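Join these two chains into a complex; the hints should help.
These protein sequence lines map, in sequence, to chains A and B.
Mapping of the first sequence onto the numbering used here: position 22 corresponds to residue 22, and the numbering continues sequentially without gaps.
Mapping of the second sequence onto the numbering used here: position 88 corresponds to residue 88, and the numbering continues sequentially without gaps.
Since the hints were derived computationally from the structure, they do not count as laboratory data.
This structure is a prediction, so every number in the text was calculated from the model and none was measured.
All C-beta atoms in this analysis are idealised placements derived from N, C-alpha and C, irrespective of residue type, glycine included.
Fair warning: there could be bad hints in the mix.
[Unchecked claim] Under the rule of at most 30 Å between Cα atoms (straight-line distance), these lysine-lysine pairs were calculated in the BS3-like manner: (1) A/Lys45 - B/Lys147; (2) A/Lys55 - B/Lys257; (3) B/Lys90 - A/Lys113; (4) B/Lys98 - A/Lys113; (5) A/Lys45 - B/Lys78.
[What the hints assert, rightly or not] If you want the footprint, here are the derived chain A segments under chain B, 3+ residues with CB under 8 Å: (6) 37-43; (7) 54-63; (8) 80-91; (9) 107-114.
[As the list claims (entries may be wrong)] Partial list, derived from the structure: chain B residues whose beta carbon lies under 7 Å from chain A: (10) Met238; (11) Asn245; (12) His251; (13) Phe259.
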Amino acid sequence: MYDALGGGVPMRVNVGLVAGLAALLLMARPVVAHHSFAAEYDANKPVTLKGTVSKVEWMNPHARFYVDVKDEKGTVTNWNLELASPNVLVRNGWTRNALKVGDEVTVEGSRAKDGSNMANARVVKLADGRRVFAGSSGGDAPAPAQK
Amino acid sequence: MVRVARVAAILVVVLATSMLAAQQTPPAATSPAGSGGLNRGPATPSGPAPRLPNGHVDLSGVWQGGGPVGNIADGLAKGEALPIRPEYQKIMDSRDAKDDPEANCLPTGVPRRDPYPWRILQTPALTFMLFEGNIHSYRQIFMDGRKHPADLDPTWYGHSVGQWEGDTLVVDSVGFNDKFWFDFRGTPHTEKLHTIERYTRTNMGTLVIETTIDDLGAYTKPFRVSFTARLRPGEELMEYICNENNGFVHHITGSAKEF
Numbered sequence: 001m002y003d004a005l006g007g008g009v010p011m012r013v014n015v016g017l018v019a020g021l022a023a024l025l026l027m028a029r030p031v032v033a034h035h036s037f038a039a040e041y042d043a044n045k046p047v048t049l050k051g052t053v054s055k056v057e058w059m060n061p062h063a064r065f066y067v068d069v070k071d072e073k074g075t076v077t078n079w080n081l082e083l084a085s086p087n088v089l090v091r092n093g094w095t096r097n098a099l100k101v102g103d104e105v106t107v108e109g110s111r112a113k114d115g116s117n118m119a120n121a122r123v124v125k126l127a128d129g130r131r132v133f134a135g136s137s138g139g140d141a142p143a144p145a146q147k
Numbered sequence: 001m002v003r004v005a006r007v008a009a010i011l012v013v014v015l016a017t018s019m020l021a022a023q024q025t026p027p028a029a030t031s032p033a034g035s036g037g038l039n040r041g042p043a044t045p046s047g048p049a050p051r052l053p054n055g056h057v058d059l060s061g062v063w064q065g066g067g068p069v070g071n072i073a074d075g076l077a078k079g080e081a082l083p084i085r086p087e088y089q090k091i092m093d094s095r096d097a098k099d100d101p102e103a104n105c106l107p108t109g110v111p112r113r114d115p116y117p118w119r120i121l122q123t124p125a126l127t128f129m130l131f132e133g134n135i136h137s138y139r140q141i142f143m144d145g146r147k148h149p150a151d152l153d154p155t156w157y158g159h160s161v162g163q164w165e166g167d168t169l170v171v172d173s174v175g176f177n178d179k180f181w182f183d184f185r186g187t188p189h190t191e192k193l194h195t196i197e198r199y200t201r202t203n204m205g206t207l208v209i210e211t212t213i214d215d216l217g218a219y220t221k222p223f224r225v226s227f228t229a230r231l232r233p234g235e236e237l238m239e240y241i242c243n244e245n246n247g248f249v250h251h252i253t254g255s256a257k258e259f
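The following block holds chain B by itself, in its conformation from the complex (with noise of 0.2 Å):
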């Protein structure tokens, strides 16, 4: 019977946490769902966040999670929609999975993750995000006060000037490609698209990212979604090569709707 209840248990919070996080949370500590792997180890961390000499917190670490993975929606806030224009529901509507960039080892772009850790590294002159995942690529945010330059090449993470409001982290973007998707369900944008990334260590264990989507290209107004990444403690990056061997991503036959 108590081996019985311990099952039942374990099945308890891992159903639980499942559902968890196909409502609003980010892939978190316990998700059986695309966790990277991280489900073992210490648990979450909490206490205040930590402080760099300069003052300002400390955002070093590596995490997981913090952005979508299967639909974006999931970090609007409830009751609120996305303001798509229809012409790109149904550009939305019409992709396959197979062509998602992500699953042809691609980057994913912003604001999205993978279910893999990632790692930020804070410098007085820039901040990096270094992803394990696809494709195994970084971000890097300039922190000097530099301003975007004019007539950016459109690219995949754009360009990132960062500055501190305070104890949170403002990453301002531009320059993106309309290449990626904003999850696996297909989301789409366009070249203007333009992100507000507001980053705050609510807690040594939490960073909680909201970001203002402001693309009025497919959008009929800027709207705001929230993930909440979690630190792994203890854990490295690991090398991962997506393109090692991606030769079966033609099988998947499916519509982006049934992600």
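Pulled out of the complex, with its shape left as it was, chain A reads as follows (with noise of 0.2 Å):
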């Protein structure tokens, strides 16, 4: 498949290349599983969300996480996140108790272009630190680990 590149892959690539490879990804045109990403999602559009895990739907055809986020204010908003579908999780080593109600969660994500509170999550930080993948607009999702 690499040799489709017509090379061999660079080993020596400097930190300024690597982020700018990084901002080309997240820039990349998402495809979701079974609809249009950009008529849905707007890329230009990212947020992150801090807080509680309040509701997990682990079905088709997207997987989907409510988080409930407080503002300075103590208002608390409940956020609709969009997974990918179980399966492409599972087969990415993601288990249906990844996420639990009451984790204390990060999420990063693009935001519904009809202004709701829904989003994407491309990344979700876990409680305990790590930062996996969402495999919805990223396309594959390293696993996080068993708790």
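Encoded structure:
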């Protein structure tokens, strides 16, 4: 497969290039499982949410979890966060127990275009500090280790 | 430094493969986009395609890709454009992504694929394609020499008959409805659609699928698209019931053009 790229993989690359490539990757058009990503989410509206998992839906076509986020005034807003399908997550080592109600998480994602409190989760920082890709817009998710 | 180099190498590969995927390549083993989570596991095998006792190439296996997902025009030869009639271009341009039948858990039709694995199952009289993704459905291809019936009721997968031309399985299908889209982009067709798919397992791990789209209702002439499916050794189909919890499709607000 890599041969098709027409050359070997450079093994000495500076940090700036790495950062640049990472930025490019984040800008790349993501493809979600069964519907258009760009028509639902705005990759230019990144959102970071820190809060408590209130509900997990390990269901098709997308697994979802909900997070209660408290603002500085103490007002709690419940966010709806989309992941890949359970099959995609499982094939990458996730389990249905990777996220549990009550977990403190930080989620990086892209907001829904319709302005609702909904986002496509790209990276989830778990309570123990591990950052895992959410397997949705990023495509494939390294697994969170078993709890 | 070694670690940075390793991260960089991974990024380069991922980026390059995603760019390849964005051009012509179908969802491949290392594509970060829509791979159905199959980026792990054994590499795509090479070596000669296996054969059945009757001498025909054995197409059996779990495959990934092999048809349009985002845009069917990605499968055209370089420099070609869809010969779409202006009135159907208008229909295409007016489509909203939320109305994509696939996003609403309806079948992909032909030749579209979704980013989930699918299996070919060959028997002497029938070939089946079993799809994990939308919508956990199947196609059946009659291999017993029958012809298409006259006056078919239009359906999502149509009526398919197959025959071998050398090592290529040629599947001829008619009787389609006009409901499915060819891709996220909303590329349309009519009930006049007639497809001729040519399945060639060029090696153990590679299945080239060339499809002639013959629909003089929406297009001024037949055209051909080519996509490649990759074998996923050791993979099994998993359950995927799309309609289980698809209540959020109304949040899709964009045009299909934005796919």
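Against the structure, the hints come out as follows:
{"no.": "1", "hint": "A/Lys45 - B/Lys147", "in the structure": "violated, 54 Å"}
{"no.": "2", "hint": "A/Lys55 - B/Lys257", "in the structure": "violated, 34 Å"}
{"no.": "3", "hint": "B/Lys90 - A/Lys113", "in the structure": "holds, 24 Å"}
{"no.": "4", "hint": "B/Lys98 - A/Lys113", "in the structure": "holds, 12 Å"}
{"no.": "5", "hint": "A/Lys45 - B/Lys78", "in the structure": "violated, 34 Å"}
{"no.": "6", "hint": "37-43", "in the structure": "holds (count 3)"}
{"no.": "7", "hint": "54-63", "in the structure": "holds (count 5)"}
{"no.": "8", "hint": "80-91", "in the structure": "holds (count 9)"}
{"no.": "9", "hint": "107-114", "in the structure": "holds (count 3)"}
{"no.": "10", "hint": "Met238", "in the structure": "holds, 5 Å"}
{"no.": "11", "hint": "Asn245", "in the structure": "holds, 4 Å"}
{"no.": "12", "hint": "His251", "in the structure": "holds, 5 Å"}
{"no.": "13", "hint": "Phe259", "in the structure": "holds, 4 Å"}
The structure fails to meet hints 1, 2 and 5 from the earlier list, while all remaining hints are met.
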